[in-house]
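2 protein chains.
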Amino acid sequence: MKTLVVISHPEIAESGSQQYLLSSVPEKEAVTVHHLESIYPSGQIDIEAEQRLLMEHDRILFQFPFYWYSSPALLKKWQDDVLTDGFAYGAQGSRLAGKEFGLILTIGVKATAYQAGGKEGFSISELTKPYQAIAMKTKMTYLQPLVIPQFAYMQEKQKMQLLIAYQQMLTREREDSLASREKWLIHELEKTDPATLASGDEQVIQQAIERIEENRETIDELDAILEQVRQS
Amino acid sequence: MKTLVVISHPEIAESGSQQYLLSSVPEKEAVTVHHLESIYPSGQIDIEAEQRLLMEHDRILFQFPFYWYSSPALLKKWQDDVLTDGFAYGAQGSRLAGKEFGLILTIGVKATAYQAGGKEGFSISELTKPYQAIAMKTKMTYLQPLVIPQFAYMQEKQKMQLLIAYQQMLTREREDSLASREKWLIHELEKTDPATLASGDEQVIQQAIERIEENRETIDELDAILEQVRQS
Numbered sequence: 001m002k003t004l005v006v007i008s009h010p011e012i013a014e015s016g017s018q019q020y021l022l023s024s025v026p027e028k029e030a031v032t033v034h035h036l037e038s039i040y041p042s043g044q045i046d047i048e049a050e051q052r053l054l055m056e057h058d059r060i061l062f063q064f065p066f067y068w069y070s071s072p073a074l075l076k077k078w079q080d081d082v083l084t085d086g087f088a089y090g091a092q093g094s095r096l097a098g099k100e101f102g103l104i105l106t107i108g109v110k111a112t113a114y115q116a117g118g119k120e121g122f123s124i125s126e127l128t129k130p131y132q133a134i135a136m137k138t139k140m141t142y143l144q145p146l147v148i149p150q151f152a153y154m155q156e157k158q159k160m161q162l163l164i165a166y167q168q169m170l171t172r173e174r175e176d177s178l179a180s181r182e183k184w185l186i187h188e189l190e191k192t193d194p195a196t197l198a199s200g201d202e203q204v205i206q207q208a209i210e211r212i213e214e215n216r217e218t219i220d221e222l223d224a225i226l227e228q229v230r231q232s
Numbered sequence: 001m002k003t004l005v006v007i008s009h010p011e012i013a014e015s016g017s018q019q020y021l022l023s024s025v026p027e028k029e030a031v032t033v034h035h036l037e038s039i040y041p042s043g044q045i046d047i048e049a050e051q052r053l054l055m056e057h058d059r060i061l062f063q064f065p066f067y068w069y070s071s072p073a074l075l076k077k078w079q080d081d082v083l084t085d086g087f088a089y090g091a092q093g094s095r096l097a098g099k100e101f102g103l104i105l106t107i108g109v110k111a112t113a114y115q116a117g118g119k120e121g122f123s124i125s126e127l128t129k130p131y132q133a134i135a136m137k138t139k140m141t142y143l144q145p146l147v148i149p150q151f152a153y154m155q156e157k158q159k160m161q162l163l164i165a166y167q168q169m170l171t172r173e174r175e176d177s178l179a180s181r182e183k184w185l186i187h188e189l190e191k192t193d194p195a196t197l198a199s200g201d202e203q204v205i206q207q208a209i210e211r212i213e214e215n216r217e218t219i220d221e222l223d224a225i226l227e228q229v230r231q232s
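Quick note, the sequences are listed as chains H and P, same order.
Counting from 1, position 119 in the first sequence corresponds to residue 119 in UniProt numbering; the numbering is continuous, with no gaps.
Counting from 1, position 6 in the second sequence corresponds to residue 6 in UniProt numbering; the numbering is continuous, with no gaps.
The hints are all genuine.
Chain copies aren't distinguished; within one or between two, either way the pair holds.
For lysine-lysine, the following BS3-like pairs were computed, each having C-alpha atoms within a straight-line distance of at most 25 Å:
| hint | residue 1 | residue 2 |
| --- | --- | --- |
| 1 | K139 | K110 |
| 2 | K139 | K119 |
| 3 | K139 | K129 |
| 4 | K183 | K159 |
| 5 | K119 | K129 |
| 6 | K110 | K137 |
| 7 | K137 | K119 |
| 8 | K129 | K110 |
| 9 | K119 | K99 |
Hints listed in this document are in silico derivations from the structure and should not be mistaken for laboratory results.
Make the full structure from the sequences, and use the hints.
Next up, the structure:
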């Protein structure tokens, strides 16, 4: 599976969360990172090149800070320019049909602010309806989004969890079982080359391995107990 | 009441619906029309000027073609640049609090396409949640939107109705009674100077006057009948 991450952020160098995510992109996987403001500083988009890029990937992800309940302007321009009638939808069918489409959103407030009665008043599911409608119109499968609240306040443990969730969003095939998630995780962790890691990240990965091994031991113990219960 | 119409359309000169709406703006009312792509062709927005403009008006309307279930990119940039923390929301309160906020949307398909099971799959109310959230965050009152489907296919009668609905969106105070709507309409029609009208529009206005007079006669007759029924 090949994944395209279309990032829109006007000041990506100053964004701690975006830099953390960039440093978390798995290098040995088929992931293309595509930061629009770097590639098109003038705002003029190469439509054919973008359409080719989309065709070459199976999973399309939009990654952006949730500005006024939507993306930064350049990603909107990209949508309007690139997702044309005859390519993304229309009588000739969608060239994107069957691909997967998802959002990776950074938000500045707690996740609980996004609900009726909360500070933002509406849920992320409500506010992202336009993207769900894009998926429907282009016949792509809409993925569960990855919402990243208040990165600046995250503890190391939360960042570790985010690293894993992000890598899963980018590379894990859609399967639901715990076993498949473990399989993915062990595969990823075994590939890790400590020499390529930023300072501190090696420790994070070591913690992740220990956590998953502990979990597996716990699950195996519970399985054994359950088996005894069944037999008694 | 002063109304600001913030229009975003990358090719407004080629848009029949936008040109019709521009020609329908009531000249003798306190309406400011503000087409972003004309004012900021480079995309660089004068934030202070825009914030002053907002402060000077009581009703803020966004008028745009519904591209990918949202606005063209320049209006999104305007939102992100102009609606700043400390001006539009935040600890110091919103300078926009108490104003009215609404959308005027042109759409390329039938209105019925926007529903579950329809071609677009989601309702306009669902897809415009981000704008409803903006109203909530800035403490503005969200108005019922004016949705204009398939202008190119409209008959003269429908265009007449659109003209009236548009002028009401721009200048009618929020009141619900039929009498207040009639009052508004008669006020508007009486002000009309035929010399300033584009060819054909005079006829449209004449038709509108006749229609409202007929309606009033019908209502008066029904009122009389009802009165007789009550007394018998």
